[in-house]
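Novice: The whole structure should be built from the sequences, with the hints applied where relevant.
Protein chains: 2
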Amino acid sequence: MNKNYYAILMAGGVGSRFWPVSTSSYPKQFHDMLGSGKTLIQKTFDRLNTFIPTENILILTNERYNDLVLEQLPMVKQDQVVLEPAMRNTSPCILYASLKVQKMNSNAVMVVAPSDHWIEDENAFQEDVKACFDKCQNESVLCTLGIRPTFPNTGFGYIEFEKESDESIKKVSQFREKPNYETAKQFLEQGNFLWNAGIFIWSAETIVNAFKEYQPSQYELFQEGFSCYNTPEESNFIQENYAKAENISIDYAILEQSQSIYTLPATFDWNDLGTWGALYDKLGKDNDKNAVVNANTLLVDAKGNMIRTPKGKLVVVDGLEDYIIVDKEEVLLIYPKSKEQDIKKVRGQVSDTFGEHYA
Amino acid sequence: MNKNYYAILMAGGVGSRFWPVSTSSYPKQFHDMLGSGKTLIQKTFDRLNTFIPTENILILTNERYNDLVLEQLPMVKQDQVVLEPAMRNTSPCILYASLKVQKMNSNAVMVVAPSDHWIEDENAFQEDVKACFDKCQNESVLCTLGIRPTFPNTGFGYIEFEKESDESIKKVSQFREKPNYETAKQFLEQGNFLWNAGIFIWSAETIVNAFKEYQPSQYELFQEGFSCYNTPEESNFIQENYAKAENISIDYAILEQSQSIYTLPATFDWNDLGTWGALYDKLGKDNDKNAVVNANTLLVDAKGNMIRTPKGKLVVVDGLEDYIIVDKEEVLLIYPKSKEQDIKKVRGQVSDTFGEHYA
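Protein sequence lines correspond, in order, to chains A and B. So for the first sequence, my numbering puts the first residue at 2; every next one is plus one. So for the second sequence, my numbering puts the first residue at 2; every next one is plus one.
For the record, the hints were derived by calculation from the structure and aren't laboratory data. A portion of the hints provided could be inaccurate.
Copies of the same chain look alike in the list, so a pair counts if it works inside one copy or between any two.
[As the list claims (entries may be wrong)] Calculated pairs, BS3-like style, for lysine-lysine (alpha carbon to alpha carbon, straight line, at most 30 angstroms):
1) Lys-329 - Lys-340
2) Lys-290 - Lys-304
3) Lys-340 - Lys-286
4) Lys-345 - Lys-329
5) Lys-314 - Lys-286
Specialist: Following this line, the structure appears as structure tokens:
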């Protein structure tokens, strides 16, 4: 394996639209959402670990998930888990982790990737990331893997690339925020738009230089700790300074500023597993299109439902169609699939009304 | 309290239409179905115990429920629990218990009553039973409390009494099996029909004599053990002989044969709590007519549902109407109220498909 290959796994999210299975104390990435025997972060780690050395994979997460990471990824050492002492969106934590990587290996190229997405074709994923690694080793550019849109999804940001390029890795002309339906349809018709899946590839040097150029105060804040990183002094420095960082996303801080952004249209199937409906799409179905995880079921006149329970629970349903039925010890959710986007809101209401421990 | 007053509480049923809360290992009468803080058998015992001495109340049940009875009714001694070593319907166990009572007190009058019904007005119940006790102390008659029908229920047997009587306790002309809807409507129009609630009152002497006359072989079988009853020898005798008894109901064995049956139209409200819908009727409702036991709920567009869970479980429902939603550790049931009679069948299917322990 190439010793210059690094990965930063983003594992700090809450996955609130997957409530009640995903909660702030035990979020989605730490669950076996597909009933495959592995949690999402385990699957993501394995996918990267086929071509990136174990010790070169850093897990970026919140302090409260430290134990979950170490438990689910026993091959990972504590110093590979990069903990955010405060929630400051993706920019500060990526800069911080990138500086750590740069200090380990000034020739490092790295992939930054979410820990909770579905990607089945591991070889295609590997080939795509390696193609970007090659480009980033040779040029001072920032790359992203874009997903070819299959329908006018209004829930994702889009990447517009320059049509005329006949390279496989295209120059990005601009990032576009989540569009309305009409705009999304136009994007698809134009053919040079990809979904932004949050998968980025760059060298440590290039991303650090980009911060220096576009976010100088953030760069200064974290650069000051460079001598402490990967030493026992790091923790104190971070505890003292991290919260001072501006709350800003990597997209807004860097990607929308830089002129050297490239995108590779991914050659693998991808699903963000962002909602129960997205999970439903990826699961096997019975004859009535019910997707069932963990439960034993007796279903009559029940069609198109997404059912998930603790292992071995018996579920008897008569007459429900296109419902999300999720049972999880102290919470039972029976909710129309068509309203899945509201589950995030429901989670908030539950937290306000019945207490945070439910959320 | 009158030392001649006795009661036989029938507590051997399974309550299969209340599955999954009611199971063969933990039936309905041992559950707090109403969320009142007391189980049905506890409420029934208390109701009788206001006018019948504690030690005169026998509990007739299956061997497997012995521990549940002693646990839920700690004032009851083991020798008050009359155990059926085999399922032989109501006739053999009532004869056996009646002989035991007769041996304790040859002047005993007793009420035989189910342990799992809902009766709110305890005073009216007491007055009605006492009125029958009086009659049975003075005359060799068999009495039953009949329930004034409120609608043409096809799920109950009916008691037809002689219209011309102006006594409060009426002579029964005949018992009628569960009618079809048209017949049930005629019953209600005629005005001299009552629901048979399985509440019987008689003296020990009269019921034993009735068995002697109408079921001589059953009488002989159990009379032979008379010297053993209420002694250490009883258990052996019953183990050896009980299973030989004919499987037959008290209605068929005695009540439909005897010419000396009387009925008192009950002056209290009654509900057999036979189905989830019957329970629903007796529970308080929210503004959308949802009845909730034990759960914390967040309900949107949810109307007329019967919801029951373990204590404190959070239930979020959107868009369901007239459903039974029951969660019980390893089983979740989501079933239309209109099909509540099929739950018994579902329980059977579950037992066949997934194993008896679910049923």
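Novice: If a hint holds in the structure, say so; if it does not, say that too.
Specialist: Status of each hint after checking the structure:
| no. | hint | verdict |
| --- | --- | --- |
| 1 | Lys-329 - Lys-340 | both (20 angstroms within a copy, 26 angstroms between copies) |
| 2 | Lys-290 - Lys-304 | both (6 angstroms within a copy, 27 angstroms between copies) |
| 3 | Lys-340 - Lys-286 | both (21 angstroms within a copy, 26 angstroms between copies) |
| 4 | Lys-345 - Lys-329 | both (16 angstroms within a copy, 26 angstroms between copies) |
| 5 | Lys-314 - Lys-286 | both (18 angstroms within a copy, 29 angstroms between copies) |
Violated hints for the displayed structure: none, as all numbered hints are satisfied.
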